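There are 2 protein chains.
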Amino acid sequence: MDAAEFRRRGKEMVDLIADYLENIEQRPVYPDVEPGYLRSLIPEEAPEEPETYEDVVKDIERVIMPGVTHWHSPYFYAYFPTANSFPAMLADMLSGAIGCIGFSWAASPACTELETVMMDWLGKMLKLPEDFIAGTHGQGGGVIQGTASEATLVALLAARSRAVRMILASDPQRPETDITSKLVAYSSDQFCATLGTTPSCAFDHITELGPICNAEKIWMHIDAAYAGSSFICPEFRPLLNGIEFADSFNFNPHKWLLVNFDCSTMWVRKRSDLIGAFKMDPLYLKHDHQESGRYFDITFSCYSQSIRFRSLKMWFVFRMYGLKGLQDYIRKHVELAKEFESLVRADQRFEISADVVLGLVCFRLKGSNEVNETLLKRINNGRKIHLVPCQLSGQFVLRFAVCARTTESRHIREAWRLITQLAEEVMQELPN
Amino acid sequence: MDAAEFRRRGKEMVDLIADYLENIEQRPVYPDVEPGYLRSLIPEEAPEEPETYEDVVKDIERVIMPGVTHWHSPYFYAYFPTANSFPAMLADMLSGAIGCIGFSWAASPACTELETVMMDWLGKMLKLPEDFIAGTHGQGGGVIQGTASEATLVALLAARSRAVRMILASDPQRPETDITSKLVAYSSDQFCATLGTTPSCAFDHITELGPICNAEKIWMHIDAAYAGSSFICPEFRPLLNGIEFADSFNFNPHKWLLVNFDCSTMWVRKRSDLIGAFKMDPLYLKHDHQESGRYFDITFSCYSQSIRFRSLKMWFVFRMYGLKGLQDYIRKHVELAKEFESLVRADQRFEISADVVLGLVCFRLKGSNEVNETLLKRINNGRKIHLVPCQLSGQFVLRFAVCARTTESRHIREAWRLITQLAEEVMQELPN
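In the order they appear, the protein sequences are chains B and V. Those letters in the first sequence? Residues 1 to 432, by the UniProt record's numbering. Those letters in the second sequence? Residues 1 to 432, by the UniProt record's numbering.
FYI, nobody ran anything at the bench for these hints, they're computed from the structure. Computed from a prediction, not measured in an experiment: that's the story for all the values here.
Each pair may be met inside one copy or between any two copies, as identical chains are not told apart.
Using 30 Å as the maximum straight-line C-alpha spacing, the simulated BS3-like pairs for lysine-lysine come out as follows:
1) K58 - K124
2) K11 - K58
3) K384 - K286
4) K182 - K217
5) K324 - K58
6) K338 - K286
7) K377 - K366
8) K286 - K377
9) K286 - K366
10) K127 - K270
11) K377 - K332
12) K127 - K324
Chain B extracted, bound-state conformation (with noise of 0.2 Å):
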C-alpha cells in the first residue's frame, strides 16, 4: 500500500470509526462467543501472497466485530471506564506516523519536552504541590507510564534504589543483597496506598498515613488510577489532600480523562530518585546534550525504554476541550451515578453497598449472595447491559461504573429497567 491508497483507505477508515461509534448502541454490549470462536474463522497460517485491503475490512465485521466487548457502548458498565475521544484519535494518528521512539532527549526531543511540559500542564490542573511540577528548575516532575501497575513497578524500584543508597550512605561496606533482603513494602490487600479502589472506589486515609511514611523515610507512592481525573474539579480535589506527604504519584487519564490508553501519568517528588533507579548509559543512546539535557532524560529512565509520542493525545485533549469541558464531562459522569443511586435507594428491594463518591454505584438486592449472582449472569446473558462484580465483606456486590463518553440519563434509565426486570424474575424464582 503506497500513499496514494492509504489517503483513500484512511479515509474510509475514518468514515467506519464514525460510523462504528455512532451506532455502537445498536449492537450487542457483550458478545455472544465462546473460547476458541475466532480460530475457526480465518486460516492457520499467513497467506503467502499479499491479500486486498477489501478482503481485510471485510473480516472486521465477520471475524472481529462478533467478539468485541463493546467498552464505548452507552450500556457498559463494566470495570471502569477506558478513555475514547475524537481528538485523542487525531492525535494518535499522527503519532503512528511520526513513529518516533523518545527513549532519550536526542531520540526525539519534541517527544521527550512535549511530555514533561503536559505533564506540568496536568499536575497544575490536579493542583499538585509546586514540588511535583518540573517547570524549567524544578526536582520533580512527569513521566507517562503504559498501567498503573507499571507506574506501581517504577516506584518500587526507585524506592529500593533510595532505601540502598540511604543505607549504604551510613554503612558503605554493607553488601547490597544483605539490604534487599531485609527491605518491606508495605501495602493494603488493594496494593500501595490507593485513591479509590477497583472494587468500590475506596479511598485510603492518606493524611493518616502520610506522615509515618515521612517519618520512618518509606517511600510513598500513590496510586488513583481511576479516581485521579476527578481531582481537577474543586469539589473532588479535598480528596487528594495528603499529597504533600507522597514521593510519587500516579493516575490513569486513559481511564477517566478522555486521553485514549496508554496513557497513565506518573510524578515524582524528585527525578534524581528515578534516574538513580533506572540509569543506562550505552554509548549509542548519548548526545551532546546529555548534561544540559539531563532532566529531559527522565523519560528515558523509566525502564521501558522505548516509548510512543504518547503525549500528543494529551496536548490534542486538553486543548480541544480546555479545563472546563474536561470538569464538564467528570461531573456529569458523576451526576450519571448520583441519578442510578437514586433508582437504587427508591428501591426498597435492593441496597447501596458502598459510598457512592464519584462514577460507581456498588449495590445488591437485599438477600443472599446467590440471587445477586443469578441476577448478575442474567443480566450479562441478555448482552444489552454489560456489569462485572466485586466482593464487598463476603457479599457478592453488582459495580455499576459509568463508563463510555456518550452515556446519557436515558441509558441510566434503560439500564435500570433492564436490571429491575430481571431482578423480579430472578426474585420469583428463587427464595430471597
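Position chain V against the provided structure of chain B, taking the given hints into account.
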C-alpha cells in the same frame, strides 16, 4: 468534537500524514533545537476554554516538527529501525476506536483470541518448534508485550517463580525469601542470550549455551529484538538454531516487520509458567468461561494487566504484505546494508568493524577514536543523515543501520558521498 467533525478532521489528518511521509526526505533528519526549546513555544497551563482544531493543527508545524527526529526518513540510519507501514496505521486507527482493554478473555474475546492466533501465524513464519505454538491443544504460545525489556522482565519473573516452585517441591518447609535470595541470573554484558545485539548485531552461541541451561534447569530466554524479523527468510533462519533449548523467546516486529510500535512478541514453551507467575483473580475479572477459556487468559497473566488490541496491526500487515512481501522487505534492507558495506570496503581509508549479517554496518575510519568522534559529530551536525556510535573492543565505531521503509540505493549512495566528503575534511584537519 462530534462524529461529524471527526469525519472531516480525520480525513484531513489522513492527508496530513500522507503528505508528511511522502515528503519526509526534504526535512532535516535531525532537529536543530536546544534542550527546552518547546516550553517557550506553548502556554504554561492548559486553556480554560476549548480551542479550535485549526489552532491545534497549525501548531504541529510550529511546535512539534522542529523538534522531531525523523525516524522514517530514508536518511535515518541511527539506532535500529522502528516499523511504520500504512496497513499497521490503519489497523491502529481501528484499534483506537474499538478501544477495548484486553485484560481477560471476557473483557474482549476478539482481542485475546486474535492475539493468540496471530502469535501462532508469526511463530509458524519463523518455523518455531511446535512446542511454542498454541494451536488448539498446545502447552506453549505467544503474547504481545510492549518492549523487549518488558519481555525480559516477564521471563525473569516467570523463571524465578518456576525455580521457587521446583525447590519447594523437594523442600516444602524452606522459606521463599531464603530461596529467592540464592537465585542467580546469568547474562552477558548485553544481557540474556541475545541474537543480534544493539551495538553490533552480534549473535550469542545459543547452540552452546542451550544444552547447559537445559542440563542445569536454568530458564533460557532468547532476545532477538531486532534480528528476529529476519528469521522469516529461510536463508536467515539458521541464526535461530538452538531455539529448541529455549524456555522463552522474544523479538520486536515493531522494529523490522512493518508492525508499528508497540508490538514485542514473546513465546513460551509452557504457558503455565507465565500464568503461575502472574495469576491474579479478583472477582471483577472472573467470567463464565474462566476454565474452558483459561488458556486464552495468558494475555491477562502478563503483569501489565491492561492491553490494547495490538494484534490487529499484525493481522493487517501479515495479510496485506503476505509472507513473500515481508521477506522481500527484509532482503531489501540486507541488500542495502551489503551495498553500503561494499562502498566502505572499496575505500582504503575505512574499515568494517563487525560482520555485516543483517541490516547494520559497523565501520570506522582507520585511525584514532578522536578522528571518528569528530567525523560522527560533523555528520550529525549536517542534519542530512543521522547515525549513532557504538563501542567495540575499546574502539569508537559508527553504526549505519538501514532503517526506513522507503530507503533506496540512491539514499545509501548519497549517504556515503556525504560521509566521505566529511571524512576528507576531518582528515585534513586532524592527525589521523
